[in-house]
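**Q** Letter by letter, the chains look like this.
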Amino acid sequence: AQTVTQSQPEMSVQEAETVTLSCTYDTSENNYYLFWYKQPPSRQMILVIRQEAYKQQNATENRFSVNFQKAAKSFSLKISDSQLGDTAMYFCAFTRFNQAGTALIFGKGTTLSVSS
Amino acid sequence: KAGVTQTPRYLIKTRGQQVTLSCSPISGHRSVSWYQQTPGQGLQFLFEYFSETQRNKGNFPGRFSGRQFSNSRSEMNVSTLELGDSALYLCASSEMGGSSKNIQYFGAGTRLSVL
Chain S
98 AQTVTQSQPE MSVQEAETVT LSCTYDTSEN NYYLFWYKQP PSRQMILVIR
148 QEAYKQQNAT ENRFSVNFQK AAKSFSLKIS DSQLGDTAMY FCAFTRFNQA
198 GTALIFGKGT TLSVSS
Chain P
-18 KAGVTQTPRY LIKTRGQQVT LSCSPISGHR SVSWYQQTPG QGLQFLFEYF
32 SETQRNKGNF PGRFSGRQFS NSRSEMNVST LELGDSALYL CASSEMGGSS
82 KNIQYFGAGT RLSVL
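Protein sequence lines, in the order shown, are assigned to chains S and P. Going by the numbering used here, 132 is the number at position 35 of the first sequence; the sequence numbering is gapless. Going by the numbering used here, 51 is the number at position 70 of the second sequence; the sequence numbering is gapless.
No lab work stands behind these hints, which were simulated from the structure alone. A portion of the hints provided could be inaccurate.
Derived lysine-lysine pairs resembling BS3-like cross-links, with alpha carbons at most 27 Å apart [to be verified]:
(1) S:K205 to P:K(-18)
(2) S:K175 to S:K205
(3) P:K38 to S:K170
(4) S:K170 to S:K152
(5) S:K152 to S:K175
(6) S:K152 to S:K205
To spell it out: a stretch of chain P is covered by chain S in this simulated footprint if at least three of its residues, at any positions, have a beta carbon under 8 Å from a beta carbon of chain S; those stretches are [said to hold, decoys possible]:
(7) 29 to 39
(8) 51 to 63
Some, not all, of what chain S presents toward chain P, calculated at C-beta under 7 Å [said to hold, decoys possible]:
(9) R140
(10) Q141
(11) M142
(12) I146
(13) F165
(14) A169
(15) K205
Just so you know, even glycine gets a beta-carbon here, dropped at the ideal spot from N, CA and C.
Only chain S is shown next, with the shape it has when bound in the complex:
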């Protein structure tokens, strides 16, 4: 069975600093997708970034980038120039490349607090 582990329950950072959130996963699949979702206190889950496992190049979206290490099954999220609006719970998620469906498997989440 696939599992996703986020080892940092809580993190805090000052505005403008850089922070890295960790995620490891376990799967025997070769083709899959990894995601980071953000859930602010308003609770709306928002996609931050997506990585396709067959692509070696790390995905980037503005201030957000990932470090994808397929052999190590590691998928960390780096947030540069942190902003107050980045305060949220961040979930790492995995889904198989599977015609039978698209169930997301989530980690337990990391609560990130950005302060001024």
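Chain P: place on chain S using the hints.
**A** Frame of chain S, contents of chain P only:
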């Protein structure tokens, strides 16, 4: 384009009752998935519907059921409510089913409290 809409936002029920939650996907999205979020268990997949058919199911008891209508709107039902069913229920829609590359867009959720 309107996002994923879930109604109601909040529900309070008592043990033994049943409840129905509704989800309207983004226009053009045919796949709808449901997730349960609790502080203890985190986010867990309930089921996925595509073209009115349940295509995938998580590890939940039969008290949890759902359906999808021809307009892709989906409902989930929980019968004989238990205290442990108190949770945030999230619905997500995606443009096409059958390929995990499709991004799931989430609604704001329904907060269910069972007393």
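**Q** Take the hints in turn and mark each one as holding or not.
**A** Now for the hints, and whether the structure bears them out:
no.	hint	verdict
1	S:K205 to P:K(-18)	violated (31 Å)
2	S:K175 to S:K205	holds (18 Å)
3	P:K38 to S:K170	holds (25 Å)
4	S:K170 to S:K152	holds (14 Å)
5	S:K152 to S:K175	holds (18 Å)
6	S:K152 to S:K205	holds (25 Å)
7	29 to 39	holds (count 5)
8	51 to 63	violated (count 0)
9	R140	holds (6 Å)
10	Q141	holds (5 Å)
11	M142	holds (4 Å)
12	I146	violated (11 Å)
13	F165	violated (15 Å)
14	A169	violated (21 Å)
15	K205	holds (5 Å)
When held up to the earlier numbered hints, the structure conflicts with 1, 8, 12, 13, 14 and fits the remainder.
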